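Trainee: So the sequence lines, in the order shown, correspond to chains E and H. In terms of the numbering used here, the first sequence opens at residue 116 and continues consecutively. In terms of the numbering used here, the second sequence opens at residue 7 and continues consecutively.
Source of the hints: derived by calculation from the structure; they are not laboratory data. All values reported here derive from a predicted model rather than from experimental measurement. It is possible that part of the hints are untrue.
[Stated by the list, open to error] A few chain E residues facing chain H, derived, Cβ under 7 Å:
id, residue
1, GLU174
2, SER175
3, THR313
4, VAL317
5, ARG382
6, MET385
7, PRO394
8, LEU398
[Stated by the list, open to error] Computed far set for chain E versus chain H, every beta-carbon distance over 10 Å:
id, residue
9, GLU386
10, ARG397
11, ARG434
By construction, the Cβ of each residue, glycine as well, lies at the ideal position given by its N, Cα and C atoms.
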Amino acid sequence: MTNVVEPMAEVTATERRSEVLVELRGLAVEYGFGDRRVRAVDGIDLAIHAGEVVGLAGESGCGKSTVANAVMQILRPPAHLTRGSILFRGDDLTLKKREELRKYRWRNVSMVFQSAMNSLNPVMRVGDQFVDMMQAHQHVSKKAALARAAELLDVVGIDKRRVRAFPHELSGGMRQRVIIALALALSPELLIMDEPTTALDVIVQREILQQVQDLQRDLHFAVLFITHDLSLLLEFADRIAIMYAGEIVESAPSARLHENPQHPYTRGLMESFPPISGPLQRLAGIPGAPPDLADPPSGCLFHPRCPLCLPEEAAMYARQTTERPRLREVERDHFVACHRVEGVA
Amino acid sequence: MTETSLDVRHLTKHFPADSARLGRRSYVHAVDDVSFTLRRGRITALVGESGSGKSTVARVLARLYEPTKASVLFEGRDVSSERSRSALRRYRSQVQMIFQDPFGSLNPVKTVRHHIERPLLIHGIVARDELEERVHDLLTTVGLVPPEHVAAKYPHELSGGQRQRVAIARTLAVEPVVLLADEPTSMLDVSIRIGILNLMLKLKEERRIAFLYVTHDLACARYVADEILVMYAGQIVEQGPIEAVLADPLHPYTRLLLSAVPDSGLGESKRIEVRKGLASAAVDPPDGCRFVTRCPLAIDVCSHTTPPLVEARSEHAARCHVTAPSQSHAEKEAVR
Numbered sequence: 116m117t118n119v120v121e122p123m124a125e126v127t128a129t130e131r132r133s134e135v136l137v138e139l140r141g142l143a144v145e146y147g148f149g150d151r152r153v154r155a156v157d158g159i160d161l162a163i164h165a166g167e168v169v170g171l172a173g174e175s176g177c178g179k180s181t182v183a184n185a186v187m188q189i190l191r192p193p194a195h196l197t198r199g200s201i202l203f204r205g206d207d208l209t210l211k212k213r214e215e216l217r218k219y220r221w222r223n224v225s226m227v228f229q230s231a232m233n234s235l236n237p238v239m240r241v242g243d244q245f246v247d248m249m250q251a252h253q254h255v256s257k258k259a260a261l262a263r264a265a266e267l268l269d270v271v272g273i274d275k276r277r278v279r280a281f282p283h284e285l286s287g288g289m290r291q292r293v294i295i296a297l298a299l300a301l302s303p304e305l306l307i308m309d310e311p312t313t314a315l316d317v318i319v320q321r322e323i324l325q326q327v328q329d330l331q332r333d334l335h336f337a338v339l340f341i342t343h344d345l346s347l348l349l350e351f352a353d354r355i356a357i358m359y360a361g362e363i364v365e366s367a368p369s370a371r372l373h374e375n376p377q378h379p380y381t382r383g384l385m386e387s388f389p390p391i392s393g394p395l396q397r398l399a400g401i402p403g404a405p406p407d408l409a410d411p412p413s414g415c416l417f418h419p420r421c422p423l424c425l426p427e428e429a430a431m432y433a434r435q436t437t438e439r440p441r442l443r444e445v446e447r448d449h450f451v452a453c454h455r456v457e458g459v460a
Numbered sequence: 007m008t009e010t011s012l013d014v015r016h017l018t019k020h021f022p023a024d025s026a027r028l029g030r031r032s033y034v035h036a037v038d039d040v041s042f043t044l045r046r047g048r049i050t051a052l053v054g055e056s057g058s059g060k061s062t063v064a065r066v067l068a069r070l071y072e073p074t075k076a077s078v079l080f081e082g083r084d085v086s087s088e089r090s091r092s093a094l095r096r097y098r099s100q101v102q103m104i105f106q107d108p109f110g111s112l113n114p115v116k117t118v119r120h121h122i123e124r125p126l127l128i129h130g131i132v133a134r135d136e137l138e139e140r141v142h143d144l145l146t147t148v149g150l151v152p153p154e155h156v157a158a159k160y161p162h163e164l165s166g167g168q169r170q171r172v173a174i175a176r177t178l179a180v181e182p183v184v185l186l187a188d189e190p191t192s193m194l195d196v197s198i199r200i201g202i203l204n205l206m207l208k209l210k211e212e213r214r215i216a217f218l219y220v221t222h223d224l225a226c227a228r229y230v231a232d233e234i235l236v237m238y239a240g241q242i243v244e245q246g247p248i249e250a251v252l253a254d255p256l257h258p259y260t261r262l263l264l265s266a267v268p269d270s271g272l273g274e275s276k277r278i279e280v281r282k283g284l285a286s287a288a289v290d291p292p293d294g295c296r297f298v299t300r301c302p303l304a305i306d307v308c309s310h311t312t313p314p315l316v317e318a319r320s321e322h323a324a325r326c327h328v329t330a331p332s333q334s335h336a337e338k339e340a341v342r
């Protein structure tokens, strides 16, 4: 498609995939200080391999955007890391200096934010925003940077001449493409997309995601794709992690998760999307609402909404309401945190 | 045949575009000659992209906008020309609207009870001594239990889904015949969404309410609706029973919409090529099919003659020269 962004190294896809790019180990993030604390992310383990598309799904407030911000190293008070580490190619980012992190951002990992279409500077021409960003990271002339901007716009399907345009002259979908082009400008190894298409129409959403997928296949960057739309992830991600109330409750390759969801929350989520084809039946959804993280329930965080948490089964009920289930492997590469499915292992 | 509640004929809404230039004003054709019927105990989905005019249709029917041209028959009576306060009040008690944003549609300094009492009092639905009981009944109907507990709460104490239920309870207070739901679930979390859709199904079945469900989500539309209207750039381009339309759409735009829905069961081969373009209403659009620039099937006639809505299959009509051609003049007439 293009030689604009050269692949990182001459390795085959499989070799590349086996290599761990980013690893979160026991990551915990809190908002607030003293006795007014909310634990937004509570001990998450997640590995993103080179060239892999990992999906992170969950409801509003489950901590998925906080995870993205942690990987990008842009958590700001009142958010702070209380535990765990973030490894990028084995290097712990939590130990790095500010200047090192500044170089890491955008060059190694870049991010497309929620409502990113509004994150362009409204009084700067599109091309100049590329120049700004590129000159912050490398020695490059304005002319070369503009040329590169034009090439990148072409890659995401926007007329090159639009480098001269101001953001308000572009539609929402086009601005979102500009943002994606900006995020890819320094050939990062990981692209984080936080609800990249939520504000867009279905058709524009599909166009953009298709384009990202094509680019990803050509350029082999990894993607951390965050959304509440599980049906979208089932189609686009290689692997999916489901978050609930700050924890990962299930993770598996997309196909496995689709065929064999184990956690009652995952099943509930799947049953929240009516199918567009095939037989139609009444769906139950998930009763109740996610917990208040300032005052989380005891035991399994999902137990107040769980259809499998029944007082009649006293022994299991006692466990579900007092003991936090751990994420464990129930079959190869399929992890679930639920007292009910431990027996499957 | 199910009884007709709201019969909309030739609904047109033009908004003036920029400033009047030398006496000649241009207009955005937000809604152009849209006709459909809402029936008791049926849900009609109105789908399309942003700017296609679907919300404008709902707003005109709620009398929030004055239509440029329309005749609206409510239970057989033409209400489009009624302007008097009492007539409007009567109409509004029968035709209610649910808005997209449950965060913006409730008064933050008033309790849930207040929100539901207001319509009961304004429209004189119940006597004062029955007020409390009726409020509790309504809250129970929409699944907000225990009602005495919920009634005392303020909007900020409720989740998005609960707020939307309050908004629905408020509309039900006046015992409407028609509910216009403008994207009622699009701001809610996925796990909450189904609950609201199920509530719509329950109201349709138990109260025989006629729904106009405005959405861009085809899967949700299929889940609740009986009929579908597909809008593109201010016009209805396809309409019919929803299962028939989605199983085998006639209009290329409906096919495009359908192929954009995430469906893990659908192979990539079944997807159709997406061509860029805008679904939004045009300023003084020329004759011809409005979808022509994006259409993979376009032929010569498409760019200069506007296709009529043709009932190509039983109760299933489309506005397309290629897939729903009008054979004779008799058939050329728009579907009733």
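Trainee: Could you let me know if the closest chain H CB is still more than 10 Å away from the CB of ARG397 of chain E?
Mentor: Violated, because the least Cβ-Cβ distance between ARG397 of chain E and chain H comes to about 7 Å, which does not exceed 10 Å.
Trainee: Hint check: is the beta carbon of SER175 of chain E less than 7 Å from a beta carbon of chain H?
Mentor: holds, 5 Å
Trainee: Min Cβ distance, MET385 of chain E to chain H: is it shorter than 7 Å?
Mentor: violated, 10 Å
Trainee: With a cut-off of 7 Å on the beta carbons, see whether LEU398 of chain E makes it to chain H.
Mentor: holds, 5 Å
Trainee: Min Cβ distance, VAL317 of chain E to chain H: is it shorter than 7 Å?
Mentor: Holds: closest Cβ of chain H sits about 4 Å from VAL317 of chain E, inside 7 Å.
Trainee: Does the CB of GLU174 of chain E sit less than 7 Å away from some CB of chain H?
Mentor: holds, 4 Å
Trainee: Hint THR313 of chain E vs chain H: min CB-CB distance below 7 Å?
Mentor: violated, 10 Å
Trainee: Less than 7 Å between beta-carbons is the criterion; does PRO394 of chain E satisfy it with respect to chain H?
Mentor: violated, 11 Å
Trainee: Is ARG434 of chain E truly not at the interface, in the sense that its beta carbon sits beyond 10 Å from all beta carbons of chain H?
Mentor: Holds, since 24 Å exceeds 10 Å.
Trainee: The hint names ARG382 of chain E as touching chain H; please verify it with the least Cβ-Cβ distance against 7 Å.
Mentor: The hint is violated - ARG382 of chain E has no Cβ within 7 Å of chain H, the shortest such distance being about 11 Å.
Trainee: Is GLU386 of chain E truly not at the interface, in the sense that its beta carbon sits beyond 10 Å from all beta carbons of chain H?
Mentor: GLU386 of chain E is in fact no farther than 10 Å from some Cβ atom of chain H, at 7 Å.
Comparing the model with each earlier hint shows violations of hints 3, 5, 6, 7, 9 and 10; every other hint is respected.
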